[in-house]
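First to last, the sequence lines map onto chains A and B. In terms of our numbering, the first sequence opens at residue 1 and continues consecutively. In terms of our numbering, the second sequence opens at residue 1 and continues consecutively.
No wet-lab data here; the hints were simulated from the structure. Note that CB positions come from ideal geometry on N, CA and C, so glycine has one too. Don't take every hint at face value.
To be verified - Estimated spans, in silico, between C-beta atoms of each pair:
id: 1; chain 1: A; residue 1: E324; chain 2: B; residue 2: Q322; range: 36 to 44 angstroms
id: 2; chain 1: B; residue 1: R426; chain 2: A; residue 2: C254; range: 50 to 58 angstroms
id: 3; chain 1: A; residue 1: E62; chain 2: B; residue 2: E462; range: 47 to 55 angstroms
id: 4; chain 1: B; residue 1: K424; chain 2: A; residue 2: C254; range: 52 to 60 angstroms
id: 5; chain 1: A; residue 1: A182; chain 2: B; residue 2: R455; range: 27 to 35 angstroms
id: 6; chain 1: B; residue 1: E334; chain 2: A; residue 2: E324; range: 54 to 62 angstroms
id: 7; chain 1: A; residue 1: S303; chain 2: B; residue 2: R455; range: 19 to 27 angstroms
id: 8; chain 1: A; residue 1: E324; chain 2: B; residue 2: L433; range: 30 to 38 angstroms
id: 9; chain 1: A; residue 1: N264; chain 2: B; residue 2: P381; range: 45 to 53 angstroms
id: 10; chain 1: A; residue 1: G138; chain 2: B; residue 2: E462; range: 48 to 56 angstroms
Claimed, not checked - Taking beta-carbon pairs under 8 angstroms as the criterion, some of the chain B residues facing chain A (in silico):
id: 11; residue: Q459
id: 12; residue: M464
id: 13; residue: T467
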Amino acid sequence: MKYEYWFANIKGIGNKTKQQIRSRVKTAEELYNIEETALKKMEVPKETAHKILQSVKDWKLEAEYAKLTDRQVKFYTIFDESYPSGLKEISAPPYALYVKGELPQEEQMSVAIVGARECTTYGETMARQYAETLADAGVQIISGMARGIDGVSQKSALEAGGKSYAVLGSGVDLCYPREHYALYTRLQQQGGVISELPLGTQPLAQFFPARNRIISGLSDVVIVIEAKEKSGSLITADMALEQGKDVYALPGPCSSILSKGCHNLIRQGAGILLSPKELLEELGIFHKKKMENKTENKILLESPEKLVYSCLDFYPKSLNQILEESGLAISALMQIIINLELKGYMKEISKNYYVKVK
Amino acid sequence: MFSTVLSATLRGLCVEFVHVEADTSNGLPVFHMVGYLSSEVKEAGERVKTAIRNSGMVIPAKKIVVNLSPANMRKKGTMFDLPIAVAILASLGEVNLQESEEMLMVGELSLDGRIRHVPGVLPIVMEAKKRGCKICIVPKENEKEAALVDGIQIIGVETLDEVCQILRGEKKMLQAEEEFKEVYGDAQKENSVDYSDVHGQKIAKRAAEIAVAGNHNLLMIGPPGAGKSMIAKRIPTILPPLTKEESMELSMIYSIVGELDEKMPLITTRPFREVHHAVTKSALIGGGHVPKPGEISLAHKGVLFLDEIAEFQKPVLELLRQPIEDHQIRILRERGEYLFPAEFLLVAAMNPCPCGNYPDRNKCMCTTTQIHKYLGKISQPLLDRIDLCVEVEKVNYEDLQGGLQEESSSAIRERVCRARVIQKERYQERGFLTNSQLSVKDMAEYCQLGKQEERLMRQAFEQMNLTARTYYKVLCVARTIADLEGEEDISLVHLKEALNYRMIDKKYWGRNEI
Chain A
1 MKYEYWFANI KGIGNKTKQQ IRSRVKTAEE LYNIEETALK KMEVPKETAH KILQSVKDWK
61 LEAEYAKLTD RQVKFYTIFD ESYPSGLKEI SAPPYALYVK GELPQEEQMS VAIVGARECT
121 TYGETMARQY AETLADAGVQ IISGMARGID GVSQKSALEA GGKSYAVLGS GVDLCYPREH
181 YALYTRLQQQ GGVISELPLG TQPLAQFFPA RNRIISGLSD VVIVIEAKEK SGSLITADMA
241 LEQGKDVYAL PGPCSSILSK GCHNLIRQGA GILLSPKELL EELGIFHKKK MENKTENKIL
301 LESPEKLVYS CLDFYPKSLN QILEESGLAI SALMQIIINL ELKGYMKEIS KNYYVKVK
Chain B
1 MFSTVLSATL RGLCVEFVHV EADTSNGLPV FHMVGYLSSE VKEAGERVKT AIRNSGMVIP
61 AKKIVVNLSP ANMRKKGTMF DLPIAVAILA SLGEVNLQES EEMLMVGELS LDGRIRHVPG
121 VLPIVMEAKK RGCKICIVPK ENEKEAALVD GIQIIGVETL DEVCQILRGE KKMLQAEEEF
181 KEVYGDAQKE NSVDYSDVHG QKIAKRAAEI AVAGNHNLLM IGPPGAGKSM IAKRIPTILP
241 PLTKEESMEL SMIYSIVGEL DEKMPLITTR PFREVHHAVT KSALIGGGHV PKPGEISLAH
301 KGVLFLDEIA EFQKPVLELL RQPIEDHQIR ILRERGEYLF PAEFLLVAAM NPCPCGNYPD
361 RNKCMCTTTQ IHKYLGKISQ PLLDRIDLCV EVEKVNYEDL QGGLQEESSS AIRERVCRAR
421 VIQKERYQER GFLTNSQLSV KDMAEYCQLG KQEERLMRQA FEQMNLTART YYKVLCVART
481 IADLEGEEDI SLVHLKEALN YRMIDKKYWG RNEI
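Required output: the full structure, derived from the provided sequences and hints.
Now the structure itself:
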């Protein structure tokens, strides 16, 4: 295995070339001990051959491999049996995968939930609902562990007791963004953290578009919650379409620029997300009773509270706006705001800006 | 011949009396000035000599020595010009000085012998009266200011020649008029701004009312152009009127920095000081070699407004912590300690994020990290000293055009004054005036809660992520709201309103729920 690890880590050779060279020999050990002439015979270009030979000299075989085991990182190449079969079919499959935790189970359905980092509360709430429902139905949630939609949906899936897998744009031993450290550790226990990048690779912007192909490659369906007109989530959706996967997008108000990307997707023929329940039906999952009761939770409120609640939205509204719309007196309104907040119907997301939660 | 003239200078807010002595004797013609002088006082020599000559008098070729005593105290300022000139003239026998201990003079000389105004006349005259002086000769421009002090004769003079005539008895001493002493009552009404100019913004106005009623510091959050400064500017109009003592105290501070109006020297309205975020430490709290009062002292008894509080440098803001607690600022310098009063209501304003539009995600392009960092710039200890926090929203067109008559400042002020009276009575034995001064220990006594109220607070504490500090602030603000309503006990209504004004929590600011 240490030879395989060495070969996967040679810098400057593309995934495809590596795959070609490696397929010519039985084990990576052969390549490690190979002569220059033998490489020439295999029609390996001169430069590539040079890189291989040079890395044999530089690479500390034992020490490097020890790092992998020390950090409890699992390592798979494309020739491994456990390498996800879905990934092999995409146009540029990663040569190797590094995994903390485990890989998604092939026999289970996987859905990717992706979206904007700077999302609205509407997006956040919806991401949570879809992730919970899907996780509850035994679907594995794949995403990028980014801020915003990604993180929220993965966290919700884990909280609903489901499994979730994150594909990172950095080495699998680094947690980015830092504030998701709790999620990062929990994912390793209840799913996995996956990356094609060698250990210790910093999260640079250039890695993220490429990791999106792995997100879509690992999933059967991709759903986009919120995306601006130009968004990384749309790359994931494009890759999914290229790979022949189904794409669903969540509609929002036409005025919201964070729903524009989703609307464009729908115009191009993506499925429209109307409710988690309907999505399950479309995916052919006939799911239990539990969730249904949950979403149809009756709202038990007194009449002035109902009035204020009806003024609320998933998009933030200010106290002043609610004051005008409800026509209540300041003091009376403030009473109700606190009541609703304590009952968990709404949330203050910025000073005196409120969104409904249920 | 030897002569001496009484004058005074300022050390912080304290007045120090200085004897200006002059002696003329035969010898080589020299002019010496001694007595630990700073350069502006040393330069006085040239001004004085020229001014005397230009006033038509001659300085004979004699040895002249001038001493400013006590000689171990550093003398600064230009107020010694006039006393030096008079002392020299007296030593030459040009004028008569009798009872020099009963006459104090200050003033800067111009080369042609005219007398120019100097700062700090009011406190100097005040102290002179306490010392037992009977006459004060001050520049004409400072006359009205000096005349604020009763029971001492004030003579405003324009030229050195005039002073000589008065001292020779050729001209009558004219007592300064006191016309403006009556002005005090009227000036109160003359606020140029009023809350009735602010349309809409009901919630922010209500928060301002509560802030003033309990003397709670206030933070306003809102996008640029929402009217935060407009609301802040009008807070002095709902503060209780200044008492005469407060008015004098303020006028003294303004006299020292030379900001008094020549025509209307008495400060009759509460100050509103807006501080720019590039302010330096010494401009804010006071400073200089011999420290002068800074913005916080100029905001004494009034409002200190920090706009864009997130843009201030942290070390500058940190300096506000002590004066907010102690209502005064202690500045330590090599030559001793200076105390300036600084009892102000702190009103701060900020944008919710670097661009100002959060949480409107259609406009705000800031990342969550940026938003989080933005609030992180304000020092936590300072936030801890702010009791009320409110959002100020951009006004819409209907509000601007709305023919609705908005409540006037005087109506709000009436409610505020009533609440202040209640507080004053309640805390009579404790020696403080407002709810904002309640310590945690006092709260157990003055902010008792019923069973229902306690249940609410417990629930709020657990569900709204309150910290111990915000918990007490909510109690304190609820106390003020109850006082505004004239109610003895804090009820659910008061607590719930207070909860709406709770301080934002840095930890959860602009974060997704994760």
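Verification of the supplied hints:
1. E324(A) with Q322(B): 36 to 44 angstroms: holds (42 angstroms)
2. R426(B) with C254(A): 50 to 58 angstroms: holds (57 angstroms)
3. E62(A) with E462(B): 47 to 55 angstroms: holds (54 angstroms)
4. K424(B) with C254(A): 52 to 60 angstroms: holds (57 angstroms)
5. A182(A) with R455(B): 27 to 35 angstroms: holds (32 angstroms)
6. E334(B) with E324(A): 54 to 62 angstroms: holds (59 angstroms)
7. S303(A) with R455(B): 19 to 27 angstroms: Because 23 angstroms falls inside the window, the suggested range holds.
8. E324(A) with L433(B): 30 to 38 angstroms: holds (36 angstroms)
9. N264(A) with P381(B): 45 to 53 angstroms: holds (48 angstroms)
10. G138(A) with E462(B): 48 to 56 angstroms: Cβ of G138(A) to Cβ of E462(B): about 34 angstroms, so the range 48 to 56 angstroms is violated.
11. Q459: holds (5 angstroms)
12. M464: Given a least distance of 7 angstroms, the restraint on M464(B) holds.
13. T467: violated (15 angstroms)
Hint compliance for this structure: hints 10 and 13 are not met, and every other hint is.
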